[in-house]
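> So the sequence lines, in the order shown, correspond to chains S and E.
Letter 343 of the first sequence, counting from 1, is numbered 342 in numbering that gives the first Met the number 0, and no numbers are missing.
Letter 71 of the second sequence, counting from 1, is numbered 70 in numbering that gives the first Met the number 0, and no numbers are missing.
Possibly wrong hints are sitting among the right ones.
[Stated by the list, open to error] Pairs of lysine-lysine, DSS-like flavour, derived with a Cα cap of 25 Å:
{"id": "1", "chain 1": "E", "residue 1": "30", "chain 2": "S", "residue 2": "106"}
{"id": "2", "chain 1": "E", "residue 1": "61", "chain 2": "E", "residue 2": "33"}
{"id": "3", "chain 1": "E", "residue 1": "30", "chain 2": "E", "residue 2": "65"}
{"id": "4", "chain 1": "E", "residue 1": "27", "chain 2": "E", "residue 2": "61"}
{"id": "5", "chain 1": "E", "residue 1": "33", "chain 2": "E", "residue 2": "92"}
{"id": "6", "chain 1": "E", "residue 1": "23", "chain 2": "S", "residue 2": "415"}
{"id": "7", "chain 1": "S", "residue 1": "319", "chain 2": "E", "residue 2": "33"}
{"id": "8", "chain 1": "S", "residue 1": "421", "chain 2": "S", "residue 2": "695"}
{"id": "9", "chain 1": "E", "residue 1": "23", "chain 2": "E", "residue 2": "61"}
{"id": "10", "chain 1": "S", "residue 1": "106", "chain 2": "E", "residue 2": "92"}
{"id": "11", "chain 1": "E", "residue 1": "27", "chain 2": "E", "residue 2": "65"}
{"id": "12", "chain 1": "S", "residue 1": "285", "chain 2": "S", "residue 2": "175"}
{"id": "13", "chain 1": "S", "residue 1": "106", "chain 2": "S", "residue 2": "415"}
{"id": "14", "chain 1": "E", "residue 1": "65", "chain 2": "S", "residue 2": "421"}
{"id": "15", "chain 1": "E", "residue 1": "30", "chain 2": "E", "residue 2": "61"}
{"id": "16", "chain 1": "S", "residue 1": "421", "chain 2": "E", "residue 2": "61"}
{"id": "17", "chain 1": "E", "residue 1": "33", "chain 2": "S", "residue 2": "106"}
{"id": "18", "chain 1": "S", "residue 1": "421", "chain 2": "E", "residue 2": "33"}
{"id": "19", "chain 1": "S", "residue 1": "421", "chain 2": "E", "residue 2": "30"}
{"id": "20", "chain 1": "S", "residue 1": "106", "chain 2": "E", "residue 2": "27"}
{"id": "21", "chain 1": "S", "residue 1": "285", "chain 2": "E", "residue 2": "61"}
{"id": "22", "chain 1": "S", "residue 1": "328", "chain 2": "S", "residue 2": "415"}
{"id": "23", "chain 1": "S", "residue 1": "415", "chain 2": "S", "residue 2": "525"}
{"id": "24", "chain 1": "S", "residue 1": "328", "chain 2": "S", "residue 2": "695"}
{"id": "25", "chain 1": "S", "residue 1": "106", "chain 2": "E", "residue 2": "61"}
{"id": "26", "chain 1": "E", "residue 1": "92", "chain 2": "E", "residue 2": "65"}
{"id": "27", "chain 1": "E", "residue 1": "26", "chain 2": "S", "residue 2": "106"}
{"id": "28", "chain 1": "E", "residue 1": "26", "chain 2": "S", "residue 2": "415"}
{"id": "29", "chain 1": "E", "residue 1": "92", "chain 2": "E", "residue 2": "23"}
{"id": "30", "chain 1": "S", "residue 1": "527", "chain 2": "S", "residue 2": "598"}
{"id": "31", "chain 1": "E", "residue 1": "92", "chain 2": "S", "residue 2": "285"}
{"id": "32", "chain 1": "S", "residue 1": "695", "chain 2": "S", "residue 2": "562"}
{"id": "33", "chain 1": "S", "residue 1": "106", "chain 2": "S", "residue 2": "319"}
{"id": "34", "chain 1": "S", "residue 1": "415", "chain 2": "E", "residue 2": "61"}
Source of the hints: derived by calculation from the structure; they are not laboratory data.
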Amino acid sequence: MSDFDMALDYRTARAMYPHRPDLWHPPEFLYDPIPIPLDHPELPLFERLEANPSAVDPNRTSAVFTDPIPARMLNEFVYCPRLFYYEFVDNVFVESIDTERGSAIHKKVDKGRGDLPSAMPSVKDSAASAPASPASAEAEQEQEQEASTTPTAVQTDTIHSRSATLGSDRLGVLAKMDLVEVQLATISVPASASLPPSSGKSKTKATTPELDLFATPDPPSSKNQSQTQTQTHVQSVTPVDYKVGSPRIGENGVQLWDADKMQLGLQILILRDNHYHCDQGVIYYKETRQRVPLQMTPELEQWIINHIEQARQVAASPVKPEPLLNSPKCVRCSLAPVCLPDETRFMQRWSEASPHLDRNSFSKNRLSPTLTSSTTSTATQLSPRRLIAARDDERALYLNTQGARVTQRGEVLIVKEETATKGEFRLKDLSHLALFGNIQITTQAIQTLCEAEIPVAYFSQSGWFYGITRGHGLKNVFTRIEQFNTAQDPRRCLALAQRFVHGKIRNHRTQLMRNHVSLPDGVSLKLKRAASDALAARSIAELLGIEGAAANLYFQNFAGLIKVNPDDDELPGLEPQASTANSENNSDIDPSFTFDFNKRSRRPPADPVNALLSFAYSILAKDCTLAALAVGYDPYIGFYHQPRHGRPALALDLMEEFRPLIAESAVLTAINNRMITPAHFVRAGDAINLTQHGRKAFFQAYEQRINSLITHPIFDYKASYRRIIELQARMLARYLTGEIPEYVPMMTR
Amino acid sequence: MSARDINLSSRVTYLVCYDIANDKRLKKVFKLCKNYGNHLQYSIFECDLSPRERTRMEVELKSLIKSTEDQVLFVSLGPAEGRGDRVISALGKPYTHFDAPCYVV
C-alpha cells in the first residue's frame, strides 16, 4: 500500500475504490487517538492525560478517606451502603416527607447553643474562682467514682445540653448530638482539703473540641463560699437522639433499629473518647413517644468499629455499592428515584434475553464492551417496582409575551406586562422557566430560582436555544468523570452512538407503521434493516450515513402522517379558534401556508411543518439538557454528537430516541388536532416562523405530550415521557460507571 | 398499571381556612399561604400539596400562630390530579380551576 492510500480515510477510500474493500482501512483507523508527541514542551502540563483514562485507579483516596465521617452518615451506611455513597461521596440529597418531618423536629433541638459542660471538674474557690487547669483533663471513671464517694456533701443535678458537636480522632467520626443529659455532681469540700490537681496524661488520644465551661447559674451550694470550696463535675452523660419514626418491635419488646443503634452507639463512644463517663444512650421516637435505651457493650463497640471501617472502604472506592435487593427500605427512601434500585438490578440481568432489541446484532457486534455482569444472577428476575412518581407535580413556565417582566415576591414569581400583572406562579409549582425572546427577569428572581433549583432556559423568539441558568450543581462528580473518560474512548462512544441511532430509527419506524395512512411497501423493512445496520456500524461516520439515509426515508413518508386537508378548514363548524385569537394578524396571513410537507429543511425552515419541527426539537433539546444536568452530566460533551461550541452534545445524544416520540408526535398532534393552523405562521425573509399565539398553542401541545404517561417497554410501569428522559439519562450513567452492561434506548412497541 | 406499581404519594388539594385573632399574625399567615396556594376568598386558600409540602406548611404555620387564640383548618378535597371542577362549584362569581399541562404567558 502506498503512502498515498494511507492518507485516505475510510469513507473516501470506499467511494473511490468501491470494488477494492482491501483498500478500505479499518474504521478504527479513524479513531486511533492522535499520537501524543513525546517531546512536546508543554507535555508536563498534561500529565494527567497520560494516565489510562479507562482504568480506575484503585488508590484513589481523596479527601473522603481522611475526613471525619458524620455519625448520621454512618446511620445511613447501616441502612443502605448505596444511600451512604450517594449522600456522603456524591453529595446527593433528596428531600422527602420523612426528611421534612425530621428537620421539623430538629428545628427545636437545633436551637441549642451546642455547649456541653467540660468533662474536667470545675473548681469554684471562695477567694478566686480558679478554673481547672487544662492539664487536669483527666476524668477517668475511677477517679470520678472515687471523687463521688469521698466528699462531704454531694448534690446531683441534671442539665440538658442541646446540639453539641463532638468528634473522635480514634474513630475518625463526628457527631452532632440532639440532646445530652448531663448528670452533674456538686461536691462541697472544706477549703483546706482541696483536690490535688491531677496532671496525668489522658490515656486515649481525643480531640479537644471547644468546650466552654458550663455557664448555667451556679448551684445553690456555691453560696456557701466562705468555708467551703465547691467542685462541680460531670458524673455521667446520656446522649438522647430524636427520631421521627417508631421503634422496631423485636422479640424482647421495643428495640432500636440497627441504623439508630449505630448512630447512638457512636455518640456514646465519642463521648467516652472525650473523657465523659457514658454507659448508655436513649433514642426518643416521636411517633410512639417512646424512649428506648441502648447499653454500650464490648460487642456493640466492635460491631460499630467494624462498620466504620467498612464505610471508610466504601467511601474510598470509586465503585458504588450494589442497590439493595427488592428491599422494603427502598419504598420510603427519598433517594429511590436517583438510585433506581430495581431498575439497576433489572438491567444488570437483562442481557440474557430481550424482546425488543435485535439480540443477534448485539452479539455480532464485537465492539460492544464486555463488562462484568452482576454477581446476583441467581436472583429471580422481577420486574422493577415503580419507585418514582409517574409525573412531576411541577409544571414548566413558558414566557413568550414580548416585553414581559418577571419579578419575585416571597416564594411567588410575578409576571408583568407594563404595569398589568399577567400571572403569579408559586415556586413550588414550577419545574423550570423557558424565556422566549425579550423577557426581562430581575436578579432577585434569578437568585431565588437558583436557590430553589429551578433552572431558567433562554431562547430566541424563533426558538434558538441559547443556554441555561441554574444554581450550584456540582454534584455527582464521578458521573462526570466517567462521562469524560468514555468520551475519550472511541469504541465505547461508538457502542453508545449505535444504540442512540438504533433507538431513533426503530421509533421512526413505529411512528410510520402506527400513524401513516398508507405506508408504501418496503419502507418499514428498509427502516428495520437500517436499525440493525446501525448496531453493526463500524464508525461514527458510517453511523451518520445510516442515520441520514433512514431520516431521509422517514421524512419522505412524513407527509402521510399529517391528516389535515387544507379544504377542511373551509367547512362550517371547523373554523379554527386561532382565526379569532389571531384576528389582528389576519391580514398578514400568507394564503400559501399549508401543511404540505415535502422534505425536511432547516436554517431556515421553508414551510410551516418544518418550522414546527425545528421549534419542537429546540424545546426537546432544552428538556434533555435539563435531564442531563439533573443527573450530573456535563451536557456539552457527547458520545455521538461531537463537541462544538455552545451545543449541548450529550443532550442531543439523549434526544435521538425521543425525537419521534415527543417532538414529532407533538407536532403531528398539534397539526392534526388543529391546535396549530396556517394562521399561526409568519414569513420573515426566507424563514417561516410561528407567531406568538402559535408558540403559545404549541407549548400546550408539546407539554401535553411530554407529560403524558406511557408504559416503559422494559420496566413495564407507567411514567411520563419527561420522567423517562431522566430515567434513560440515569441508566446511561449506570452504563458509564459500569454498573449495567449496556445502554438500551427507549423504544415504543 | 401493573400490580407492582407502588402507590406513590402525589398532591392532594386542601382548602386551608384560618381564623386569626391578631392582625399582625393574620398578615403573616396570609403571606405564608400565598406561597402555597390560590387565594379563593377572605381567609380561604386552595392549596395543592404533596405530603412533604403539607408538612412544611404546617410547621411554618405552627411557628406563626398562637395556638390558644388562632385556628387553621385543612380540609382535604382528594387527589389534585384530574380533579377538574368536580368538587368545587360556585354561585355568583365564577370559580375556575387551572388544569393545563404547563403555564404559558
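> Hint by hint, say whether it matches the structure.
These are the hints, each one checked on the structure:
no., hint, in the structure
1, 30/E / 106/S, "holds (22 Å)"
2, 61/E / 33/E, "holds (16 Å)"
3, 30/E / 65/E, "holds (16 Å)"
4, 27/E / 61/E, "holds (12 Å)"
5, 33/E / 92/E, "holds (21 Å)"
6, 23/E / 415/S, "violated (29 Å)"
7, 319/S / 33/E, "violated (42 Å)"
8, 421/S / 695/S, "holds (14 Å)"
9, 23/E / 61/E, "holds (15 Å)"
10, 106/S / 92/E, "violated (43 Å)"
11, 27/E / 65/E, "holds (12 Å)"
12, 285/S / 175/S, "holds (18 Å)"
13, 106/S / 415/S, "violated (37 Å)"
14, 65/E / 421/S, "violated (36 Å)"
15, 30/E / 61/E, "holds (14 Å)"
16, 421/S / 61/E, "violated (33 Å)"
17, 33/E / 106/S, "holds (23 Å)"
18, 421/S / 33/E, "holds (17 Å)"
19, 421/S / 30/E, "holds (20 Å)"
20, 106/S / 27/E, "holds (20 Å)"
21, 285/S / 61/E, "holds (17 Å)"
22, 328/S / 415/S, "violated (46 Å)"
23, 415/S / 525/S, "violated (53 Å)"
24, 328/S / 695/S, "violated (44 Å)"
25, 106/S / 61/E, "holds (12 Å)"
26, 92/E / 65/E, "violated (33 Å)"
27, 26/E / 106/S, "holds (24 Å)"
28, 26/E / 415/S, "holds (24 Å)"
29, 92/E / 23/E, "violated (29 Å)"
30, 527/S / 598/S, "holds (21 Å)"
31, 92/E / 285/S, "violated (46 Å)"
32, 695/S / 562/S, "holds (22 Å)"
33, 106/S / 319/S, "violated (32 Å)"
34, 415/S / 61/E, "violated (33 Å)"
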